[in-house]
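Colleague: The primary structure of each chain is shown beneath.
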Amino acid sequence: MIPPIARILARHLLRGPHTMKDAPPPDPDGVAELAEALGRRARGRLGRSLSIREVDAGSCNGCELEIHAVNHPIYDLERFGIRFVASPRHADVLLVTGPVTRNMEEALRRTVEATPEPRWIVAMGDCGKDGGCFAGSYAVVGGVSDVVPVDLHIPGCPPSPRQILAGLLALLDTVDRG
Amino acid sequence: MMGDVTLLEFLSLGRPVEGHRPWPRFLLDLKGWRQLIDRLRVAEWSVMAEWAEREHIHVALRDETAGDIAVASHHCADRRFLALGNVRPGVIRIERAIHDVWGLTPVGLEDRRHWLDHGRWPSRMPLAAQPMGPSAEPDSYPFLKAEGEGLHQIPVGPVHAGVIEPGHFRFHCQGEAVVRLEQRLGYQHKGIEGLLSGAPLDKAARIAGRVSGDATVAYSLAFARAVEAATGCELPQRAHWLRGVMAEMERVANHVFDIGAVCNDAAFAVMLSHMGVLREKILRANDALFGHRLNMDRVVPGGVARDLSDEGAEALKHLLHGFVRLFDQAYQLYENTPSLSDRTVSTGIVQTSLIHRFGAGGFVGRASGRGHDARQAPGYPPYDKLDMTVPVLTEGDVNARVLVRFAEAKESLHLINRMLHEMPDGAFRVPVPEVAGEGLGLAESFRGEVVVWLRMGADHVVERCHTHDPSWFQWPLLEAAIEGNIVADFPLCNKSFNCSYSGHDL
Chain A
1 MIPPIARILA RHLLRGPHTM KDAPPPDPDG VAELAEALGR RARGRLGRSL SIREVDAGSC
61 NGCELEIHAV NHPIYDLERF GIRFVASPRH ADVLLVTGPV TRNMEEALRR TVEATPEPRW
121 IVAMGDCGKD GGCFAGSYAV VGGVSDVVPV DLHIPGCPPS PRQILAGLLA LLDTVDRG
Chain B
1 MMGDVTLLEF LSLGRPVEGH RPWPRFLLDL KGWRQLIDRL RVAEWSVMAE WAEREHIHVA
61 LRDETAGDIA VASHHCADRR FLALGNVRPG VIRIERAIHD VWGLTPVGLE DRRHWLDHGR
121 WPSRMPLAAQ PMGPSAEPDS YPFLKAEGEG LHQIPVGPVH AGVIEPGHFR FHCQGEAVVR
181 LEQRLGYQHK GIEGLLSGAP LDKAARIAGR VSGDATVAYS LAFARAVEAA TGCELPQRAH
241 WLRGVMAEME RVANHVFDIG AVCNDAAFAV MLSHMGVLRE KILRANDALF GHRLNMDRVV
301 PGGVARDLSD EGAEALKHLL HGFVRLFDQA YQLYENTPSL SDRTVSTGIV QTSLIHRFGA
361 GGFVGRASGR GHDARQAPGY PPYDKLDMTV PVLTEGDVNA RVLVRFAEAK ESLHLINRML
421 HEMPDGAFRV PVPEVAGEGL GLAESFRGEV VVWLRMGADH VVERCHTHDP SWFQWPLLEA
481 AIEGNIVADF PLCNKSFNCS YSGHDL
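Top line first, the protein sequences correspond to chains A and B.
For the first sequence, the working numbering assigns the number 1 to the initial residue and increments by one for each residue that follows.
For the second sequence, the working numbering assigns the number 1 to the initial residue and increments by one for each residue that follows.
Just so you know, the hints here were simulated from the structure itself, not pulled from any lab data.
Being a predicted model, the structure only gives us computed values, none of them experimental.
Any given hint could turn out to be false.
[As the list claims (entries may be wrong)] Pair ranges (Cβ atoms, derived):
| no. | chain 1 | residue 1 | chain 2 | residue 2 | range |
| --- | --- | --- | --- | --- | --- |
| 1 | B | Ala177 | A | Arg11 | 36 to 44 angstroms |
| 2 | B | Ala436 | A | Ser87 | 46 to 54 angstroms |
| 3 | B | Ala288 | A | His18 | 17 to 25 angstroms |
| 4 | A | Gly136 | B | Gly291 | 51 to 59 angstroms |
| 5 | B | Lys145 | A | Asp173 | 49 to 57 angstroms |
| 6 | A | Arg40 | B | Leu326 | 32 to 40 angstroms |
| 7 | B | Asn336 | A | His18 | 48 to 56 angstroms |
| 8 | B | Pro338 | A | Glu117 | 45 to 53 angstroms |
| 9 | A | Leu13 | B | Pro338 | 20 to 28 angstroms |
| 10 | B | Ala161 | A | Arg40 | 28 to 36 angstroms |
| 11 | A | Ser49 | B | Gly426 | 49 to 57 angstroms |
[What the hints assert, rightly or not] Derived lysine to aspartate or glutamate pairs resembling DMTMM-like cross-links, with alpha carbons at most 20 angstroms apart:
| no. | chain 1 | residue 1 | chain 2 | residue 2 |
| --- | --- | --- | --- | --- |
| 12 | B | Lys317 | B | Asp287 |
| 13 | B | Lys281 | A | Asp76 |
| 14 | B | Lys203 | A | Asp130 |
| 15 | B | Lys145 | B | Glu110 |
| 16 | B | Lys145 | B | Glu176 |
| 17 | B | Lys410 | B | Glu422 |
Where a beta carbon is used, it is the ideal one built from N, C-alpha and C, also for glycine.
Work out the full structure, taking the sequences as your base and the hints as a guide.
Modeller: Below is the structure:
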């Protein structure tokens, strides 16, 4: 019997990976162009590497699902040298989701303190902007910028993978100017 | 014999509450509540959810023999109630949370530590009639002790490895083996019950769809069903079927990706990549057909937000055809990779007896012999018109949970296909009547049974609403599953449960 993994590997060898090509994509998504621009800038500023630590400060976990999506083979963020890391001590960027709950406020501050300078903080999702539909609750402080300084906000509920890529591109623009 | 009395027979000693649909609600006095606890010791009645109001405690119960569902309520004027936690350990954390948020004291409960309240809110017991002042400084949580020679602690979280929600895990270990794991949750607490009280219907629906984002369709569905029950809103058949398609799409998307993630935690990354591609196919189809990748806010009280065109249905059928083939490849890959089985088989076992004691549902329950599925019992449209099988295994290990999810996803793909072929014509949305009432809504999320109870005012205002996540009855079992396993297998066990932090913390 042919091992099942051989079929999958053979498929990729013969037909190439699922990852979107750098040629203009057939769908109007525009992911590939965006991804290419992102890669150029990331290399220019950070020498091929940008490390992101995700911090969930109280999200509904919808944003996390889309962050997983940019990491899988179709969007494949890592091919541009941008990758998610396990510790804030290894990170250049903190990607913060959710309204900040009171129970996570201190943990968020301490995570920011644990991230070495220079660092950038990106607030993700409509909740990250101002608390979204959870604003006004006794248990919610508000948006991310109510707790720590924010360099960029990626809108959406949750932001699509395309919006996340576009957001990181905007961040690199900011970094270039700064 | 005590056991011969059915739930409804027993509850009829209480006072029925008018306007509670579709299942009855009974008000029990102190004696009745005490008798209920005595009955629970022997009867096969499972607790579906427990929640509070300022002066009331409510519990939704299911008679597993007769199949009846009912809500029992008790007026606790002195803000104390006899705890159910001693006879149903699954609700211990719920009752601790009720004390934290609503200020009702569970009498007789041994574990009185705060659960959702970390001492960081502007007031203690924020939803009680008279909230208490804030804590002077944040609480330090007294973890249970484990003592012995060579034992050491590993504290993890709330910000822990990976793209994941916050929670704290305290391991006591002997070398590599975990002697005890204790969870501390509540970091995600957003005060959802407070936000829902007095919210206009559309705002409440939006919040209900964001209690746990990965199960947004199931939450919106349970919420909508509760609203429709409370207001006596009759739905056109097509709306039920469209909801069914969305719910099964959500189940497939979550199952395939989590299977990949479990394998990734066993250092088998190929599966995660393969499943990530499959998941993206579903999300893009959602976006194209219904206008949102996760179908957030697409199930609304009164129906669905958008109809499915004939071309859309054809495109989805075509997509599913190719999807099933790739999905079967993944299954073959899983079953024929010994190095992967080596990690998943006999890891993180949950005993069937524990599953029943905690009333755990979803794939966690079904992998350990408890086959409950809300789509079958009590059942709701469109599943009452469709034959479906619910896979049940008894091994209770990581492997069994993965295999149950493979089987469920396969069944869901089959169901979507049938729904597309047999979809009735007609309207997809009707207006919700502006009448007052109380309703209980159920929906089977990919994780298990989501329960929503609410009381509607006459003017489309939600007076009080409670949402119950299946994770409440699953989280404690993760502590049992990891015992005696090695620390390195914790991510594997945790992912094989994939409990919701946000849905639990509310």
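Colleague: Are the hints correct? Go through all of them and say.
Modeller: To see whether the hints hold, each was checked on the structure:
1. Checked against the hint of 36 to 44 angstroms, the C-beta distance between Ala177 of chain B and Arg11 of chain A comes to roughly 41 angstroms, which is consistent with it.
2. In this structure the supplied range 46 to 54 angstroms holds for Ala436 of chain B paired with Ser87 of chain A, their Cβ-Cβ distance being about 53 angstroms.
3. Remark: the range hint 17 to 25 angstroms for Ala288 of chain B to His18 of chain A is upheld by a beta-carbon distance near 18 angstroms.
4. Taken as a hint, the range 51 to 59 angstroms is violated for the pair Gly136 of chain A and Gly291 of chain B, whose Cβ atoms sit roughly 28 angstroms apart.
5. For Lys145 of chain B and Asp173 of chain A, the hinted distance range of 49 to 57 angstroms is satisfied, since their beta carbons lie about 53 angstroms from each other.
6. Hint check: Arg40 of chain A to Leu326 of chain B, Cβ distance near 33 angstroms, so the stated range 32 to 40 angstroms holds.
7. For the pair Asn336 of chain B and His18 of chain A, the beta carbons lie near 22 angstroms from each other, so the given range of 48 to 56 angstroms is not met.
8. Between Pro338 of chain B and Glu117 of chain A the beta carbon distance is about 48 angstroms. The supplied range of 45 to 53 angstroms therefore holds.
9. Between Leu13 of chain A and Pro338 of chain B the beta carbon distance is about 23 angstroms. The supplied range of 20 to 28 angstroms therefore holds.
10. In this structure the supplied range 28 to 36 angstroms holds for Ala161 of chain B paired with Arg40 of chain A, their Cβ-Cβ distance being about 31 angstroms.
11. The given range of 49 to 57 angstroms is respected by Ser49 of chain A and Gly426 of chain B, whose C-beta atoms sit roughly 56 angstroms from each other.
12. Taking the CA atoms of Lys317 of chain B and Asp287 of chain B, the gap is near 16 angstroms; set against the 20 angstroms cutoff, the hint holds.
13. For the hint pairing Lys281 of chain B with Asp76 of chain A, the CA-to-CA distance comes to about 15 angstroms; that is within 20 angstroms, so the pair holds.
14. Of the supplied pair hints, the one linking Lys203 of chain B and Asp130 of chain A holds, its CA atoms being roughly 16 angstroms apart against a limit of 20 angstroms.
15. Taken as a hint, the Lys145 of chain B and Glu110 of chain B pair is honoured in the structure, with Cα atoms around 16 angstroms apart against an allowance of 20 angstroms.
16. Restraint check for Lys145 of chain B and Glu176 of chain B: the C-alpha separation of about 18 angstroms stays at or below 20 angstroms, so the hint holds.
17. Simply put, Lys410 of chain B and Glu422 of chain B have alpha-carbon atoms about 19 angstroms apart, close enough for the 20 angstroms limit, and the pair holds.
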